[in-house]
Amino acid sequence: MQDKIFKALLILSAVLIPVIGGGIILSLTVDASGAFKEFGFWEFVFSDDWITTAGKEKYGALPFITGTLLTTALALLMCIPFSLPVALFTGEYFKGRKIAAVLGTVIDLLAGIPSIIYGLWGFYVLRGTFMYLDLSPQGSGILTASFVLAIMIVPYAASLSAEFIKMVPAELKEGAYAMGATRAEVIRRVIFPMAGSGIFSAFILAIGRALGETMTVTMLIGNTNQMPETLRTTGNTMASIIANQFGEADGLKLSSLIAIGLLLFLITAIINIIGKILIRRARHV
Amino acid sequence: MNKVKFRIFKSRLLFIMVCVLSGITAIPLVAILGEVLIKGWNQLGWSFITEATPNAYKAMIAAQAGEDIPGGIANGIVGTFLMLFLAAVVAIPVGILCGICLSEYRKSWFATFVSYLTDLLQGTPSIIIGIITYIWVVVPMKGYSAIAGSVALFIMMLPLIIRSTEETMKVLPDTLKEAGLALGGSYWRVMLKVMVPAALGSIFTGILLAISRVVGETAPLMFTALGGAAISWNMTKPMSAVPLLIWEFFNDPNLQNLIWGASLFLLVFVLCLNLLAKQVAKKWKV
Chain A
100 MQDKIFKALL ILSAVLIPVI GGGIILSLTV DASGAFKEFG FWEFVFSDDW ITTAGKEKYG
160 ALPFITGTLL TTALALLMCI PFSLPVALFT GEYFKGRKIA AVLGTVIDLL AGIPSIIYGL
220 WGFYVLRGTF MYLDLSPQGS GILTASFVLA IMIVPYAASL SAEFIKMVPA ELKEGAYAMG
280 ATRAEVIRRV IFPMAGSGIF SAFILAIGRA LGETMTVTML IGNTNQMPET LRTTGNTMAS
340 IIANQFGEAD GLKLSSLIAI GLLLFLITAI INIIGKILIR RARHV
Chain B
231 MNKVKFRIFK SRLLFIMVCV LSGITAIPLV AILGEVLIKG WNQLGWSFIT EATPNAYKAM
291 IAAQAGEDIP GGIANGIVGT FLMLFLAAVV AIPVGILCGI CLSEYRKSWF ATFVSYLTDL
351 LQGTPSIIIG IITYIWVVVP MKGYSAIAGS VALFIMMLPL IIRSTEETMK VLPDTLKEAG
411 LALGGSYWRV MLKVMVPAAL GSIFTGILLA ISRVVGETAP LMFTALGGAA ISWNMTKPMS
471 AVPLLIWEFF NDPNLQNLIW GASLFLLVFV LCLNLLAKQV AKKWKV
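Chains as they are written, first to last, in our numbering: chain A, 100 to 384; chain B, 231 to 516.
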C-alpha cells in the first residue's frame with residue numbers, strides 16, 4: 100500500500116515537468132495570439148516597426164531577432180579562441196594536475212557570477228575602455244554586449260569541451276606518439292576528431308545560453324528599437340526588449356512582447372534540444 | 231631534419247598559445263572581483279545589512295550634503311532569503327522524487343521524454359520564466375507578490391535538482407537496491423533510506439548549485455516580486471531581493487553609491503556557495 104503511494108508520488112512529480120513545459124508553450128501562445136492576429140505571424144516576425152503611439156500601434160520583432168542572433172554569433176566567435184585553449188589546458192596539457200584544478204575553479208567561479216554583476220562591470224569599466232579605443236561611440240552597443248556575453252559563455256563551452264577531450268582514450272594518443280607525432284599533431288589528428296562531436300555540442304549549448312541572456316545585455320546594448328546598422332551602434336535583443344518594456348506594457352504591446360518571448364523560447368528550445376541530443380550521443384559512444 | 235624541427239616548433243608554439251590564452255581567460259574574474267571589492271568594501275558594514283533602502287529623496291539630500299547615503303539592503307536580504315526558502319522547500323522534495331522516478335524508469339520512453347524536457351526547461355531563458363510566472367501567478371492574484379517570485383525561482387531550481395538526483399541515482403550500483411530489497415525492505419523504504427542517503431552528497435551539491443544559480447537572478451523577479459523599499463515579511467505583497475536592489479540602484483542616479491556594496495554582498499554569497507558545492511562534491515563523491 101505504502102509502495103503504491105510512493106510510486107504514485109514518483110510518477111506525479113515526473114508528470115509536473117511536462118505540465119510546466121506544455122503550460123509554458125500554451126500560455127505564451129494564448130497570450131501572444133493577440134499580436135499574431137492583429138499583424139499576422141510572418142508579418143510580425145519580419146516587420147521592423149516598433150510604434151507605440153496610441154491608435155497607430157504597430158509592432159514587429161525583426162530588430163530584436165536580428166539583435167539576438169547578431170550578439171550571439173559575435174559572442175560565439177569571440178569565445179572560441181579562449182574556450183578551446185582552456186579546454187586543452189585543463190583536459191590535455193595539465194590533465195589531473197593542480198594547476199588544471201585551479202584554472203577549473205576559476206572557470207567555475209566565472210560561470211557563477213550573476214549576470215547583473217557582469218552587466219555592472221561592463222557598464223562602469225568596459226564601456227569607458229571601448230569608448231577610449233573608439234570601438235563604439237557611446238561605449239554601449241552590440242559590440243560591447245557581445246564581448247561581455249563571450250566572457251559569460253566561455254566557462255560553459257570550456258568545461259564541457261574539456262570533459263570530452265579527457266575522454267579520448269590514452270592508447271590512441273600513445274599510438275600516434277609512437278609513430279612520431281608531435282603533441283600539436285596528436286591534438287589536431289587524434290583529439291579533435293575523437294572529441295569533435297562533443298566539443299561541437301558544447302558550443303551549441305553555449306549558444307543556447309547566449310541567446311537568452313537578459314540582464315547583461317539589457318545594461319550594455321543601449322536599448323534602441325531600430326534595426327542595428329553596424330556593430331558599433333546600439334540595438335536591442337529579444338530578451339532585453341522584454342526586460343525593458345514588459346513592466347509598463349498592456350494590451351497589444353504586452354501581447355507583442357509575449358509573442359517575442361514565445362519566439363525566443365522556441366529558438367532556445369530548438370538549439371538546446373539539438374545540443375542535448377548531440378551531447379548525450381557523444382557521451383555514450 | 232629542418233622539417234622535424236619545424237614540427238616541434240609548431241607544437242611548442244601551440245603549447246605557449248594555449249597557456250597564454252588560458253591565462254587571459256582568468257583576467258575577467260580577477261578584474262570583476264577586484265572592481266567590486268575595491269568599490270564595495272567601504273560600504274559594507276553593520277548598518278548596510280541591517281537597514282532598509284533609503285528613498286531617493288533622502289539619498290539625494292545626503293549626497294548633496296556630501297555624506298554617505300544612509301541605509302542598506304536589509305529589505306533585499308530578507309526578501310532573497312524568504313523567497314529562496316519557500317522555493318527550495320518545495321523544489322527539493324519534488325525534484326528528488328522526480329529524479330528518482332527518471333532513474334528508476336530509465337528504460338521507458340516517458341522517462342526519456344521527461345529527462346529531455348528537464349534539460350529544455352533548464353535552458354529556458356530566465357526572462358521567459360519571469361513572463362510565465364507573471365501570467366500564471368501575478369495576473370490571477372491581481373498583483374505582484376513574493377509568492378510569485380518564489381514560484382519563478384522554484385521553476386528555475388527544479389530542473390537542476392532533478393538532473394543531479396537522476397545522474398547520481400543512475401550510477402549507484404543496482405546491487406545496493408537489490409540487497410535492500412532482499413533484506414525484506416519495502417520499495418519506498420529502500421529508496422528513501424538506502425538509495426537517497428547513498429546519493430546524498432551529490433544531491434546536496436546539486437541543491438547548492440541550484441541555489442547559487444537562482445540567488446543572483448534578476449530577470450525572473452522583475453515582473454513577479456517587483457521589489458519594495460521596506461523590510462517585508464508578507465509573502466502576498468511585493469518584496470525586494472538583493473539582485474533587484476542592484477537593478478534599482480543602477481537605474482536611480484541618487485542611489486548609485488549603494489550599487490557596489492550590494493554587488494559585493496551578492497558576489498561573495500554566490501561564490502562561497504559555489505566553492506562550498508565543490509568541496510561537498512569532492513568529499514562525498516559517489
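Be aware that a few hints might be false.
[Claimed, not checked] Here are the simulated DSS-like cross-link-like pairs (lysine-lysine), alpha carbons at most 25 Å apart as the crow flies: (1) B:Lys288 - A:Lys194; (2) B:Lys233 - A:Lys272; (3) A:Lys352 - B:Lys423; (4) B:Lys407 - B:Lys233; (5) B:Lys407 - A:Lys103; (6) A:Lys103 - B:Lys423; (7) A:Lys194 - B:Lys233.
[Claimed, not checked] Short, incomplete list of chain A residues facing chain B, as computed with Cβ under 8 Å: (8) Ile110; (9) Ala113; (10) Thr165; (11) Asp207; (12) Leu209; (13) Pro213; (14) Trp220; (15) Val267; (16) Pro268; (17) Leu271; (18) Tyr276; (19) Met278; (20) Thr281; (21) Leu362.
[Claimed, not checked] Computed beta-carbon distance windows for the label pairs: (22) A:Gln101 - B:Ser338: 45 to 55 Å; (23) B:Lys512 - A:Tyr223: 32 to 42 Å; (24) B:Val250 - A:Ser132: 19 to 29 Å; (25) A:Gly139 - B:Asp298: 16 to 26 Å.
Hints listed in this document are in silico derivations from the structure and should not be mistaken for laboratory results. The model shown is predicted, which means the values in this text are computed figures rather than measured ones. Built from N, CA and C at the ideal position, the CB exists for glycine as well.
Taking the hints in turn, this is what the structure says about them:
no., hint, result
1, B:Lys288 - A:Lys194, "violated (56 Å)"
2, B:Lys233 - A:Lys272, "holds (22 Å)"
3, A:Lys352 - B:Lys423, "violated (53 Å)"
4, B:Lys407 - B:Lys233, "violated (60 Å)"
5, B:Lys407 - A:Lys103, "holds (18 Å)"
6, A:Lys103 - B:Lys423, "holds (17 Å)"
7, A:Lys194 - B:Lys233, "violated (29 Å)"
8, Ile110, "holds (6 Å)"
9, Ala113, "holds (4 Å)"
10, Thr165, "violated (17 Å)"
11, Asp207, "holds (6 Å)"
12, Leu209, "holds (5 Å)"
13, Pro213, "holds (3 Å)"
14, Trp220, "holds (5 Å)"
15, Val267, "violated (16 Å)"
16, Pro268, "violated (21 Å)"
17, Leu271, "violated (18 Å)"
18, Tyr276, "violated (11 Å)"
19, Met278, "violated (13 Å)"
20, Thr281, "holds (4 Å)"
21, Leu362, "violated (10 Å)"
22, A:Gln101 - B:Ser338: 45 to 55 Å, "violated (23 Å)"
23, B:Lys512 - A:Tyr223: 32 to 42 Å, "holds (36 Å)"
24, B:Val250 - A:Ser132: 19 to 29 Å, "violated (53 Å)"
25, A:Gly139 - B:Asp298: 16 to 26 Å, "violated (56 Å)"
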